[in-house]
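Enquirer: Top line first, the protein sequences correspond to chains A and B.
The first sequence begins at 8 in this note's numbering and counts up one residue at a time.
The second sequence begins at 24 in this note's numbering and counts up one residue at a time.
Keep in mind that the hints were calculated from the coordinates and are not lab data.
It is possible that part of the hints are untrue.
[To be verified] Think about it this way: if two alpha-carbon atoms lie no more than 30 Å apart in a straight line, the pair counts; the simulated DSBU-like pairs of lysine-lysine are:
{"hint": "1", "chain 1": "B", "residue 1": "179", "chain 2": "B", "residue 2": "44"}
{"hint": "2", "chain 1": "A", "residue 1": "46", "chain 2": "B", "residue 2": "214"}
{"hint": "3", "chain 1": "A", "residue 1": "46", "chain 2": "B", "residue 2": "102"}
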Amino acid sequence: MENLALIAQVQGYTAIALGLIIGLGAIGACIGIGIMGSKFLEAAARQPELIPTLQGRMFLLAGLIDAAFLIGVALAMFFAFANPLLARFG
Amino acid sequence: MAGEGPASSTEYITHHLTHFKVGEGFWTFHVDTMFMSILLGLVTIGLFYSAARKATAGVPGKWQAFVEMVVEFIDTTVKEVFHLDRSFLAPLALTIFVWVFLMNAMDLLPLDVPGHIAALFGIHYWRVVPTADANTTFAMSITVLIVVLYFSIKAKGAGGYLHELFTAPFGANPLLWIPNFLLNLVELLSKPVSLAMRLFGNMYAGELVFMLIALLGATWVGFTVGSSLGMLGQIIMGAGWAIFHILIITLQAFIFMVLTVVYSAMATEHH
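Required output: the full structure, derived from the provided sequences and hints.
Expert: Shown next as structure tokens:
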């Protein structure tokens, strides 16, 4: 039965790690999107004729900024449902 | 899977995350991924073939106008970034964009429908999104790496490219050859890894969120308050996430395409 305690410990640490991965990733992505969005609005207010050019680039960068966060979410979800660290306990 | 319901939520999700596999170890083939990606590749070819065959110089039909819009959009995007002859790169970018978009769009199919269709043929596992499989995305990004190497060698010659690999960032001093080469190697290899992981991560996370939303309705036991709320939640959240996902799948296909072009343009630059 000491296995049960070990499994519970691994699961507990994994849960903390998932929270950290998603939480810190979300902070980074939100700050990034926020800065980029504010700069885009500023630039659009200064030079409205540039909006079509800037909009495409803004979406491209939004995807790039989001990507690292979503990779983190995917990894976290993977660990939540099929934890490879638990495989050792059979 | 058809007939009896899943025993628990974890089982439901692991079931949906299991590929239809053939083979063992290194030679494991994900038949579902290969079938879907080849099928969608044929769909891409068929769609454009049907537009090109019926193309007229006169007033275009709706379908022809749409295809022309897509082709022109890609062509302008490539033209902005890549300044040399783009007779090879623009069609490549178009193929990547449309193919990846269609593969991503499989995420929008109702979650359990492909599995039930596959179950009719006696197949119990069927993942329908090829880009949510790291094998597909890495295969595509390694192909992009080969294209980048091709453009490097075409622009600089094999000797010139080797010379650049060993002397580029720091200088031609023989002492600096090894650090130069290591730095260039990291730069070269980080491109396909980031390209593949970005697409895979986005699609995998998107698919998982759809599964988590589907679990809300899976709590259905009858017309009770809890079950009704779960079902309502699934419909609203599923619709919301699907609408947001339309943006993500297009954006990721576009990013994959643009980065391919950007990397190729960087490869043709002289130092």
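Enquirer: Evaluate each hint against the coordinates.
Expert: Do the hints match the structure? See the list:
Distance hint between residue 179 of chain B and residue 44 of chain B is unfulfilled; the C-alpha atoms sit about 43 Å from each other, more than 30 Å. Pair hint residue 46 of chain A plus residue 214 of chain B holds up; C-alpha atoms about 27 Å apart against a cutoff of 30 Å. The straight-line distance between the Cα atoms of residue 46 of chain A and residue 102 of chain B is roughly 26 Å, inside the 30 Å bound, and the hint therefore holds.
Of the hints listed earlier, the one the structure fails to meet is number 1.
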